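K.L.:
Chains as they are written, first to last, in the numbering used here: chain A, 1 to 242; chain B, 1001 to 1282.
These are computed hints drawn from the structure, not numbers from a lab.
Treat each hint with caution, since some may be false.
[As the list claims (entries may be wrong)] Below 16 Å or equal to it, Euclidean Cα-Cα: the simulated EDC-like pairs (lysine to aspartate or glutamate) are:
1) K1180/B - E241/A
2) K1174/B - E36/A
3) K1174/B - E1034/B
On a predicted model such as this, the values are computed, not experimentally measured, just so you know.
Given next are the chains, with one letter for each unit.
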Amino acid sequence: MKHKNSTMIFVLLLALFLPRMMPAQWQFSAQADAGEHNASEGFYLRTGAIAEYRYAGTRLGAALQFDLLGNVPKVWSGLNLHLNQELKIRDFPFALGAFFLYKPYSELQYENNWGLLAQTDYRHFHFMLGNGFRAFRLTRQAIQSFPEDAGTVIRENWNLIYRIGYNLKSEECTWNAGLAVTNMDRFLMNQETNPMLLLHGNLELVSDLDLFAEFWYKQAGVFNISANYFGFFFRMGAIWEL
Amino acid sequence: MGTLIKRIIQLSALILFFGACDIFEFRGFVMPYETVNQRFEQSMAWNAEHSYTNISVAQDRYELFVMGDTHVGDTVNLNIFLGAAVDAGAAGAVMAGDITTGNDADFYIFARQLPPESILPTFPIVGNHDLYFHGWEQYYELFGTSTYLFTVQTPNDSDLYICLDNAAATLGSKQIAWLKEILETRRPQYRNCIIFTHTNFFRIRRMTATNPYVEELQMLTELCLRHDVDMVISGHDHERNTGTLGNTEFLILDVLRDGEKNAGYLILNIESDTISYEFVDL
């Protein structure tokens, strides 16, 4: 009992004093997406909230997504947990990261994704490369409603993740704009053969408060050499650094 | 330097929009000749003038032969498949897309191999290769529709088969709405329900061709779970694979094109209480 109490006191002291001793930083962001795609049955509106703790090149974050309008039957439709570590080999800076993405979009099924990422930024270009693993799973409720021999999971393994982007200005500027091609968004890991086109811009409104806007365009069947419109969405949001 | 860049851009544009070899047409990376919604509307117009096929069989047990990716030109394996279906007295044969290379002549070569409907009812679906070189025009002229139903009536039951056009890796908004309505209104009237598409839903193994977007997959699997779809059978990947989610079994067919090491097709055995299947190697 004595040992337990001393551990608790130690953890509490650490939690209280560690942030004061270290130059840690919190970042909060909020975003809203409005758009449509072939399976959305019209317009949808979703929001997201992201919190990140940053210390000495380490970023630890969590994000939630909520579907407010549209045909997704659940309001809470996404959870993202991620960890990034900035590293340097000689003069080559890069970051390694891992993510877990949980998508409870229905009462019958949900999706688990996880993956590893590496990324590096130059003055104007930025690159991300990684691999992801996806599992479409039945919920407990669905498992109970199906016979015992029903399948409960389908996996899509070894999915290449990428992002290639170009920014007009360097990171230090108070505004920037750019474009990128990627198959990964905060709450979506596409198959590698479904690239999305992204146009984005950001503006430092006041010190430590940035506004950003993005336009995402999705084309289906590109790698079938039989492309067809799939969907688009606009995103607006704000990032606040503490 | 400026001239060189200009020429590179011009050449790239030419390759992208007009350049073509016999197999690929690279404008397809960017834009289609018809959107999937336009093809769907044409299919529906054809369906409105032609009633859906209903096959009557004398026993509760019957067979359907299913193949994908013949990529005609060559027709050796296609004829083996069709001959086997006729010999087995199959209720019908489904051809799950990429039936040709998209070239005009290949559609007519393909159509000439098909037995009369009175001997073997055949059910083609369009695949991405069939759309190259504006192949939809030939497909539409010969087969009329790529989104349709057919039913099989046994002495005691009847089964529903839904053929869909997802050659461009999406069903499109209109076809999705149609599918949803069919599953809600018609599905409950039938014993079994099986969906045929060209592009496989799940990317069970790594492949270079495209699958539907995740958002579309989520919706389609939800529909399959809610409406007790027994199977979704697709081609496209050229290599057999299976996966099950809930009561729905997702089957991917082997390629049937001549000269392929793993060429093969599928036989579906429909019985009173069960659906079983057999992959046949050539």
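K.L.:
If a hint holds in the structure, say so; if it does not, say that too.
P.N.:
Cross-check of the supplied hints:
1. K1180/B - E241/A: Between K1180/B and E241/A the Cα gap is close to 45 Å, so the pair fails against 16 Å, i.e. violated.
2. K1174/B - E36/A: 14 Å, holds
3. K1174/B - E1034/B: At roughly 14 Å apart (the allowed maximum being 16 Å), E1034/B and K1174/B satisfy the hint.
When held up to the earlier numbered hints, the structure conflicts with hint 1 and nothing else.
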